[in-house]
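Chemist: Given next are the chains, with one letter for each unit.
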Amino acid sequence: MSTTLQPARRRPRRRQVAPYLFTAPAVILYVAFMLVPVGYAVWLSTRAYRIEGALLGRKTEVFVGLDNYVAVLTNPEFAAGFGRLAVYGVIAVPLTLGLALLFALVLDTPAARLKRFGRTAIFIPYAVPGVVAALLWGFMYLPSTSPFSYVTRALGLGTIPFLDGPGLFGSLANIAIWGGVGFNMIIIYTSLRSIPGEIYESARLDGAGEVQIALRIKVPLVVPALVLTGVFSLIGTLQLYSEPATLQPMTSAISNTWVPLMTIYRDAFGTDDLPQAAAASTVLAVGTVLVSVVILRIVNRKRMGVER
Amino acid sequence: MRMRPLVACAATVASLAVLSGCGAASADPEGPVTLEYWAWPAGSKAVVDEWNAANPDIQIKLSDAGGGDESSQKLLTASRAGNAPDLALVEYTTLPSLIVADVPLEITDYVGDVQDAFTEGTWAQTTFDGAVFGVPQDVGPMALVFREDRFEELGVPVPTTWEEFREAAAAVQEADPDTVIASLPPTEFGFFAGVATQAGGQWWSVDGEEWSVGIADEASLEVADYFEELATEGLIQTEPLLTPEYNAMVNAGTMLSWPSAVWAPSVIESVAPDTAGSWAMAPLPQWTPGDTAVAYQGGSALVVTKNSEHPEEAAKFATWLNASEEGNTLLLDEQSLYPASSLGQEMAESNDPPTLMPQQDDFYAVSADISAQTVPVTWGPNVNLAKSVFEDELGKAIRNGTPWRDAFVATQDAVVADMKETGFAVSNG
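Taken in sequence, the protein lines are chains L and W. 222 is the number that our numbering gives to position 222 of the first sequence; each next residue is one higher, with no gaps. 211 is the number that our numbering gives to position 211 of the second sequence; each next residue is one higher, with no gaps.
So here's chain W without its partners, still in its complex pose:
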C-alpha cells in the first residue's frame, strides 16, 4: 500500500540490469594483478588471506554475493552488464545454464594438468563436449544425518532402505506423536532429483545430438508416489526447512533426521549448536536392499568468467585451491567443505569429524565410501526453471491433495517446452 512511481515496475527490470555488479578487475600490466572472487562458504576470507600472503603478484579480492542460487543470479546479471568477477563459485546445477548464457570461460588449456586429482565422474560435472568450464571444489554425496540419541531412545533402528525409512517413520510417530522423522518440502528440488537419480531416473541426459528430459520417467514417478504416501499418511512433514519453525523442532529434538548430503552437519550446527554430540551420519537409505549407489546433492565448482582480463592467473588460483594439498587443507579446515578432489577426500580421512558429531570418528571414512559409489548426474540448461516449476506444482499438489506424480509431469512438460522454445534439440515428443 505504499506510494510508488507509476511505471517503476517497468523501469526496475531495465535499470537493475544496467546498475548491478561491481567493477571487474583492472590492473596495470607491470604491477600486481587484482582478481575479483565471489564465494559464499564461511571461511573464504581465511583462504584468500592465505593466498594473498603467499602471492603478492596475484591479489584476490573476495565478495560474498549470497548463497548458491542468489550468487548465480547475480553472476549472470553482472556478466550481461560486462562486469562479472574474475572468479566465481557456481553450483553444478546451474553451471550448464551459465555456459549457455556465455558466462564462464573455457579453461581446458589452463587446468587440464590437474584432471588426475579428480575422479572421472567429478571432473565430468564441469566438462561439456571435452571443454572444461570450471575446477570442481566440493561435492555433496547424499547421506542421512540423524539424531542418534533419539532414535535409540525411541527404540527405532536407523533405516538403510526407503522401505525401512517408512517403517521407522511410523514407529517414531507411534512412540512419540510430537516427533517426526523428517520434513521434505517442495523446495527440496535437489533432494528429489537426487533420490530419483538413485532410483534410476535421469532428469536430463544427452542422447546423441539431442537432450532427453526424464523428470517424469517411470523411476521418478515411483519416487513421487512413495513420498506422496509418506506425506498423506502423515509420516513426514512437507513444511519448509530452516524456518524458525523448523529450527525450533531441530533444537527441541522433535525433528529426527535430514536426508540430504554430507554438508548438512555444518548447516544444522549453525541453527542448533547446543545439539552437538547427539547427531550421526549414515549412508542414505536405498531403494533396493543391498544397493550402494547414491547421487550428489549440492556441490560447486570454481569458474573463471569471460569478463576476466587475467584468466591464466584466475585459473591458477582455482587449481591451487582445489587440487593442491595446501588448498584442500584450507577447504577442509577453514570452509568445512567436503572436497571434490580425490586428494582432498583422502586427506579428509585423517580429519576430525564435524563438531556436530564429534563422537563419529568414521565420518570421513563413511563419506569417502559413499562418494566412491555416487551415480553421475547430468544437469540440463534450465535447471532454475525446473526448480521453480517443481516447487510451485508440488506445493499445489500437496495443498490440493492431488497426486505428486502430476507435479513431476507438469515440471517435465514445462522444462521440455522451455528448451524447445529456446532452440535446444530435445528428443521428447
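With the rest of the complex left out, here is chain L:
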C-alpha cells in the first residue's frame, strides 16, 4: 500500500514547485539586473557629492532629498533636448512607420515577386548596430567624403549641409529610419499574414481591387501592430543617443547636451555627477512610461468605440 501511496502524495507537491522553478531564472535575472539597479538609481538620485571647507577637500555623499529633481526639471538645456527630440520624432516616427507599412503591404500582395529576398533586404539594416550605422552614414554626410555632396558639387549645386542647421535633424532621422523600417515591417507583415484568406476572397468576389483590399481591409486589421510599433518607435525616440553621440565629433552642431540621454551620460561620466544623472534617468523613465500608457489608453478607447 505504502509503495503506491507515496508517489500519489508527491505528485501534487511537485506540481506546485514546478511553476516556481520554471519562472525562477527569469525572475532572478529580472530582479538582479532590472529591479535592483532601478532601485539603486532612484536611491542615488536623492544623494549628491558635496565637499567640506578646504580648497581641495574630498567629496562625500550626502542626502539632498529632491534637489536633483528640481535641478533636472529647471534645467533649460534638458528641456531643450526634449524639444530637439520632438523635431526629430516628428520626422522619424511617421516616416519609419509609413515606410514599414508600405513595404509590408507591397510584400503581401499576391503579385509581389522576390518576396523572400525583399523581406531580407529590407530587414538587413536592422542587423547593423546603431553605432556602426551612424559611422557609415557619418562618412556619407561629411562634405569631403560624401558621395551625395560629390554629385551635387559636380552639378554646380554646392555641398549638401547634412550636419548643419535643420538638415541635421533629417540626417539623424534618416539613420534611424534606415535601421528601423525593417524591424517594424516584419511586425506588420507578420500581422498581415495572420489575416485569414477567406476575407480577401469574399472582398474580391464583391469586386474589390488590391488597393481597396489594402486600404479597407488590411490596414484596419493591422492597427494593433501599428500601435505596438508606434509605441516602440516613440520609446526609441526618447532614448535617442548613439546616433547623435557618434556623429558629435564630426560636427560642432551637436552639443554635449543635445538630447536628454547625452546630458545624462555627460553628468554621469563626464562631470562626475552620478546622482544628477540618476535623477534625470528616473525622470526620463517615468516620463516614457507615462507617455506610453497615455497613448495606449487613447488608442484602445478609440478602437473600443469603433467596435461598439
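Do not take every clue at face value.
Simulated crosslink set (BS3-like; lysine-lysine; CA at most 27 Å straight-line) [claimed, not checked]:
| hint | chain 1 | residue 1 | chain 2 | residue 2 |
| --- | --- | --- | --- | --- |
| 1 | W | K306 | L | K59 |
| 2 | W | K61 | W | K420 |
| 3 | W | K45 | L | K59 |
| 4 | L | K59 | W | K420 |
In case anyone wonders, no lab produced these hints; they're calculated from the structure.
Let chain L serve as the given structure and place chain W on it in line with the hints.
Modeler: Leaving out everything else, chain W in the frame of chain L:
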C-alpha cells in the same frame, strides 16, 4: 528606433557603476607583486616589457583605457567601484577633479626624493597644499606646427605674434582661397585656456583659502574677441579637428598649421604620414611682440590610486619611468613624449627630431627653450564641466553669430555655480 526595455535608461546608469572596471591587483605577499597600469601613449607596451624583464618581483600589467578624457572617466568609475588600477596616467587638467573624488593616493613620502629632477613649475602641477599626488610624465609646451613648404610657396612669413597670425591668415587666403591657416573649433578647450593664460588670464587660481575663477577675466575676453574676429572674417575655420574632413585637408596641404603643442607632430603623422618632411615647428605666436611666455596644452602625470594594495611598488615604477635616465629614454624613443623632467628634456636635445619634420634639427632645442618659459597654470576641480559648457556655448555662439565673449561668460557662470553647489569656497560674487 530600436526596441529597448522601457526602464533601461534608469538601470544603465546604476548598473554601469557596478559592473565597470577590472579587478585590482592581488598578490600573495611571498611571491611577485602584479600591478595594474592604465596608459594610452603608443609604445607603452615596450616600456612595460622593459620593466618586467628587469623586475621579476614587480610585474606590471598594462591596459589601454582610452585617451586622456576617456581614461579619467573610467578611472573615476572604477575607483568608485573599488577596483581602480594601481597606476594610471592622468592629464594635469583632470587631476584636481580626481583628487576631490578621492581617486589618487598622496605619495609625497614615496616620491619626494625625485623632486629635483623636475622644475618647480612642473612639480607644482601634481602638488596641492604640499601633498604630492603624482609624478609628472610629459608636458605640452605650446607651439605652432605648420606646413613650412606651403608658407614658403605662398610667400607668407611664419607669424611670431597673434597680430602677424591674422595678417598671415589673410595673406594665405588671398594667395589661395582653398587654403586656410588653421581650424580652431570650440572643442579645443585646452588651446583657448592656453592662449588665455598666455595673455595673462587665470581661469582658476587660489586666493588665500578661496578659489577664484577667471574664465571671463578681461584678458580672456580679449582673446575671445580676437578669435571671433578671425572666424567671422573667414580667416580661420571652426570645424572639429581630426575628422575625415580635417584629415583630408591636412593631406592635401590646404590646412596650413595647427597651433597646439610640441606633441602635435606625432598626431599629424598618424593621419598624414605622407606629408612628413613638409612640416616644421616654431614657438606659438605672442600677444605682445618680444614676449616669450607660453602656457602648456596637454601633458600628464602618473598617479598611484587609493585602491592599490602596493603603493610603494607602484610609486617605484612611476619614479623609474619619469625620473630615471632609463625611463626617460623609453619615454622619448618608445612613446615619443616630451618628458616632464629636466633630465628628460636635456636628453631630448641629442635626440633626432620627430619623423614628421626630420629636417628640423633644432626641434628639441626649440622645445626646451619654450618649456623654460612656460607660465604655470592652476586647474580647478571641475575642468570637465567647464570644458563641456565651453564647447556647447562657444558652438552656439558660432552658429548663431553671437559674441564669443558671451560663451566665456556663460562658462564662467556655470563653473562658479557648480563649485558653489559642491561646497567649494569661491571668491567670485
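Chemist: Hint by hint, note whether the structure agrees.
Modeler: Cross-check of the supplied hints:
no., hint, result
1, W/K306 with L/K59, "14 Å, holds"
2, W/K61 with W/K420, "40 Å, violated"
3, W/K45 with L/K59, "34 Å, violated"
4, L/K59 with W/K420, "13 Å, holds"
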